[in-house]
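Here is what each chain is made of, one letter per residue.
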Amino acid sequence: MASSEIKSGAPTEEISAEQRIPDKNKIALRRTLLGRLVRSLVVGFWVMFIAFSLLRISPGDPIRLALGTDATEEAVNELREKFGLDQPFPVQFFDYFTGFFRGDLGVSFFSQREVTEVITTHLPVTLMIILLSMGGAILISIPIALSVALSRRPSVTYFFRTSTSISLALPGFFLALIGLLYFGTILNWVPAAGYEGTFPANLKYLWLPAVVNCFSLVPILSRVLHSSLMDTLDEEFVETGVIRGVKKLKFYWSYLLRPSLAPTVVLISYMVGIMIGGTVVMETIFSLPGIGRELIEAVSTRDYAVVQSIVMIFGFIVVFTSFIGDLLGYLLDRRVTLS
Amino acid sequence: MTRKVRAEGTFGLYAGAGMLVAMLLAGLLVPWLSKYDANEVGPDQLMGPSRSHFFGTDLLGRDIFTRVFDAVFIDLGTAFIGVLIPLFVGTVIGTLLGISRNRKVNSFVGSLIDGINAFPFLIFVIALVSFLGAGLGSIIIALSLVNWARYARIARTRAVVVNQQGYVEAARTLGYKPSRILFRHIIPNVSSETRAYALSDFIIVIIAVAALSFLGLGVNPPQAEWGAMIKDGANIITLAWWASVFPGLALCWAGISVALVSEGLSRRIREGNQR
Numbered sequence: 001m002a003s004s005e006i007k008s009g010a011p012t013e014e015i016s017a018e019q020r021i022p023d024k025n026k027i028a029l030r031r032t033l034l035g036r037l038v039r040s041l042v043v044g045f046w047v048m049f050i051a052f053s054l055l056r057i058s059p060g061d062p063i064r065l066a067l068g069t070d071a072t073e074e075a076v077n078e079l080r081e082k083f084g085l086d087q088p089f090p091v092q093f094f095d096y097f098t099g100f101f102r103g104d105l106g107v108s109f110f111s112q113r114e115v116t117e118v119i120t121t122h123l124p125v126t127l128m129i130i131l132l133s134m135g136g137a138i139l140i141s142i143p144i145a146l147s148v149a150l151s152r153r154p155s156v157t158y159f160f161r162t163s164t165s166i167s168l169a170l171p172g173f174f175l176a177l178i179g180l181l182y183f184g185t186i187l188n189w190v191p192a193a194g195y196e197g198t199f200p201a202n203l204k205y206l207w208l209p210a211v212v213n214c215f216s217l218v219p220i221l222s223r224v225l226h227s228s229l230m231d232t233l234d235e236e237f238v239e240t241g242v243i244r245g246v247k248k249l250k251f252y253w254s255y256l257l258r259p260s261l262a263p264t265v266v267l268i269s270y271m272v273g274i275m276i277g278g279t280v281v282m283e284t285i286f287s288l289p290g291i292g293r294e295l296i297e298a299v300s301t302r303d304y305a306v307v308q309s310i311v312m313i314f315g316f317i318v319v320f321t322s323f324i325g326d327l328l329g330y331l332l333d334r335r336v337t338l339s
Numbered sequence: 001m002t003r004k005v006r007a008e009g010t011f012g013l014y015a016g017a018g019m020l021v022a023m024l025l026a027g028l029l030v031p032w033l034s035k036y037d038a039n040e041v042g043p044d045q046l047m048g049p050s051r052s053h054f055f056g057t058d059l060l061g062r063d064i065f066t067r068v069f070d071a072v073f074i075d076l077g078t079a080f081i082g083v084l085i086p087l088f089v090g091t092v093i094g095t096l097l098g099i100s101r102n103r104k105v106n107s108f109v110g111s112l113i114d115g116i117n118a119f120p121f122l123i124f125v126i127a128l129v130s131f132l133g134a135g136l137g138s139i140i141i142a143l144s145l146v147n148w149a150r151y152a153r154i155a156r157t158r159a160v161v162v163n164q165q166g167y168v169e170a171a172r173t174l175g176y177k178p179s180r181i182l183f184r185h186i187i188p189n190v191s192s193e194t195r196a197y198a199l200s201d202f203i204i205v206i207i208a209v210a211a212l213s214f215l216g217l218g219v220n221p222p223q224a225e226w227g228a229m230i231k232d233g234a235n236i237i238t239l240a241w242w243a244s245v246f247p248g249l250a251l252c253w254a255g256i257s258v259a260l261v262s263e264g265l266s267r268r269i270r271e272g273n274q275r
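Same order as they appear, the protein sequences are chains A and B. Numbering-wise (the working numbering), the first sequence opens with residue 1 and increments by one. Numbering-wise (the working numbering), the second sequence opens with residue 1 and increments by one.
Isolated chain A, as found in the complex:
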């Protein structure tokens, strides 16, 4: 953040005298920050534990399932020993837990690749798609939400709400398929196969998945921003801004958007969660070498060592972004109380 305190003219009126005392403010910030951190770590531990326990709910023997029905007894036992699956559950979890901090998540049942290596090679592609989708969704949502909120006409609001809920109800994988057919096969705007990892070149592979993701992101983002803007518009400082004749751009940013952003920013982890789900499907359809496709591949070959770690990493990403989102929301608007 460029600044850590609210000072942009308008909202100062909203800050109570108590919050202006810098020391008290700082202590409160430190306390909430610490509290959030502890909670995130606890949730992170649960995420790891749940991801690790997934293997146990499997009705069959994972190793036998992985090797197929014609595997010999010795081969099964050998592999079970190799992956430590003959150990009692707490020992296995402890090994996995300590291994995580050493950067060791075990090896794949099949390819014998290090799981950490699988993740570090494929995660950047997925993160790039998420980043692009998020950036695009923000760019589209802000003008939509602003113009709908400012028009204040019930019919515009009604149209906005209906069309966003319809857009949210469209299945992303079907849109992606149609998009691939139209832009890929007919217009030839999207390469049919392959991938280049370097920055400007990869855009031509990633723009369409990002656009499809926006069909579910923009409705969520713009609706939250819209309702938040409607609340802000009722504030007295907005009227003051109009009367004082503040320049248009400054008015939009300082008087309308900035006080309204907090609820949207707090939503970021929710959106990242949705996007990760969408991205997995996108990567499968567009054959992109992201971590989601690795997950689907690991799922279809029953490579549980890979599945549990990828699921855990995705959980961590959401926990991390929700921590960041809460923090940003708090810094943007001190009136937000962290729960």
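Hint data in this document are derived by calculation from the structure and do not stem from the laboratory. One or more of the hints may lead you astray.
Listed below are several chain A residues computed to face chain B (Cβ distance under 7 Å; list not exhaustive) [stated by the list, open to error]:
no.	residue
1	LEU54
2	SER165
3	THR185
4	GLY273
5	GLY277
6	VAL311
7	PHE314
8	VAL319
Every beta carbon over 12 Å from chain A, so not counted as near; a handful from chain B, in silico [said to hold, decoys possible]:
no.	residue
9	TRP32
10	VAL41
11	VAL89
12	SER100
13	GLN165
14	PRO188
What follows is a list of derived Cβ distance ranges for each label pair [to be verified]:
no.	chain 1	residue 1	chain 2	residue 2	range
15	B	GLY48	A	ASN188	22 to 28 Å
16	A	GLY245	B	ALA170	52 to 58 Å
17	B	ASN102	A	ALA201	55 to 61 Å
18	A	VAL156	B	GLY166	37 to 43 Å
19	B	VAL161	A	GLY245	39 to 45 Å
20	B	SER50	A	ASN188	27 to 33 Å
21	B	SER50	A	ASP70	44 to 50 Å
22	A	TRP207	B	ASP37	42 to 48 Å
23	A	VAL242	B	ALA170	44 to 50 Å
24	A	TYR182	B	LEU46	19 to 25 Å
25	A	THR32	B	ARG103	19 to 25 Å
26	A	GLY84	B	GLY48	55 to 61 Å
Fair warning: this is a prediction, and the values are worked out from it, not measured in the lab. We treat Cβ as the ideally placed atom computed from N, Cα and C, and that holds for glycine.
Given chain A's structure and the hints, the job is docking chain B onto it.
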């Protein structure tokens, strides 16, 4: 709010309900009246839409029109059960947490709920289904294991408020049994909130069920199901667009109809609150 807008809101609600009823009726009638069987392999393979096959035929010569509507109850039914179980379980657990005074249990289960909710929904369901083995039963179990936590979080917050309301206090003063207070006074008021969420969740789950089948984790062939049909058609989409487009449109139709109903109902509730 002007009267005109309220009429528009009602229009969306009725349009959505109409779309949904039409689809359910078609799901009931088409497989029954159609001259083809949904899984019957025919002689005309990959035939475009025509008078004898409204939506064309697939790679095995099966009539897509019959298959699309044969899948209605499979898709919507799975999603419906997949919403109903977590709605019930989550509401009960969340309510119990909200009114319980045991702080240890509360923070323990609370952090478990946060942990489950931290996983991206679709990822968690994919992983669970893969461990349980592909199939509709696994999908329902996986949806229940994942989604109860979201309902529980909503119910817990709501139950804390409801528990302090006057009518609950009054029921206690009257000496009603705790179980009666719970089921007759608290849960109905908590569930109004979770039921509202369930409706929007229904859309997500309908799409998720199809997406899982699309990824090969759903129904076993030859059962007709939209996601599986889209997946089969995807490989030959340049040859025969109808094999994946019509099941996809059916899925969109289902999603949009529920979205319109959900939007219309929540609009009614909002306006009801304003009045």
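How the hints compare with the structure:
{"no.": "1", "hint": "LEU54", "result": "holds (5 Å)"}
{"no.": "2", "hint": "SER165", "result": "holds (4 Å)"}
{"no.": "3", "hint": "THR185", "result": "holds (6 Å)"}
{"no.": "4", "hint": "GLY273", "result": "holds (4 Å)"}
{"no.": "5", "hint": "GLY277", "result": "holds (3 Å)"}
{"no.": "6", "hint": "VAL311", "result": "holds (5 Å)"}
{"no.": "7", "hint": "PHE314", "result": "holds (5 Å)"}
{"no.": "8", "hint": "VAL319", "result": "holds (5 Å)"}
{"no.": "9", "hint": "TRP32", "result": "holds (27 Å)"}
{"no.": "10", "hint": "VAL41", "result": "holds (25 Å)"}
{"no.": "11", "hint": "VAL89", "result": "holds (17 Å)"}
{"no.": "12", "hint": "SER100", "result": "holds (19 Å)"}
{"no.": "13", "hint": "GLN165", "result": "holds (21 Å)"}
{"no.": "14", "hint": "PRO188", "result": "holds (26 Å)"}
{"no.": "15", "hint": "B:GLY48 - A:ASN188: 22 to 28 Å", "result": "holds (24 Å)"}
{"no.": "16", "hint": "A:GLY245 - B:ALA170: 52 to 58 Å", "result": "holds (55 Å)"}
{"no.": "17", "hint": "B:ASN102 - A:ALA201: 55 to 61 Å", "result": "holds (58 Å)"}
{"no.": "18", "hint": "A:VAL156 - B:GLY166: 37 to 43 Å", "result": "holds (40 Å)"}
{"no.": "19", "hint": "B:VAL161 - A:GLY245: 39 to 45 Å", "result": "holds (44 Å)"}
{"no.": "20", "hint": "B:SER50 - A:ASN188: 27 to 33 Å", "result": "holds (30 Å)"}
{"no.": "21", "hint": "B:SER50 - A:ASP70: 44 to 50 Å", "result": "holds (47 Å)"}
{"no.": "22", "hint": "A:TRP207 - B:ASP37: 42 to 48 Å", "result": "holds (43 Å)"}
{"no.": "23", "hint": "A:VAL242 - B:ALA170: 44 to 50 Å", "result": "holds (48 Å)"}
{"no.": "24", "hint": "A:TYR182 - B:LEU46: 19 to 25 Å", "result": "holds (20 Å)"}
{"no.": "25", "hint": "A:THR32 - B:ARG103: 19 to 25 Å", "result": "holds (20 Å)"}
{"no.": "26", "hint": "A:GLY84 - B:GLY48: 55 to 61 Å", "result": "holds (56 Å)"}
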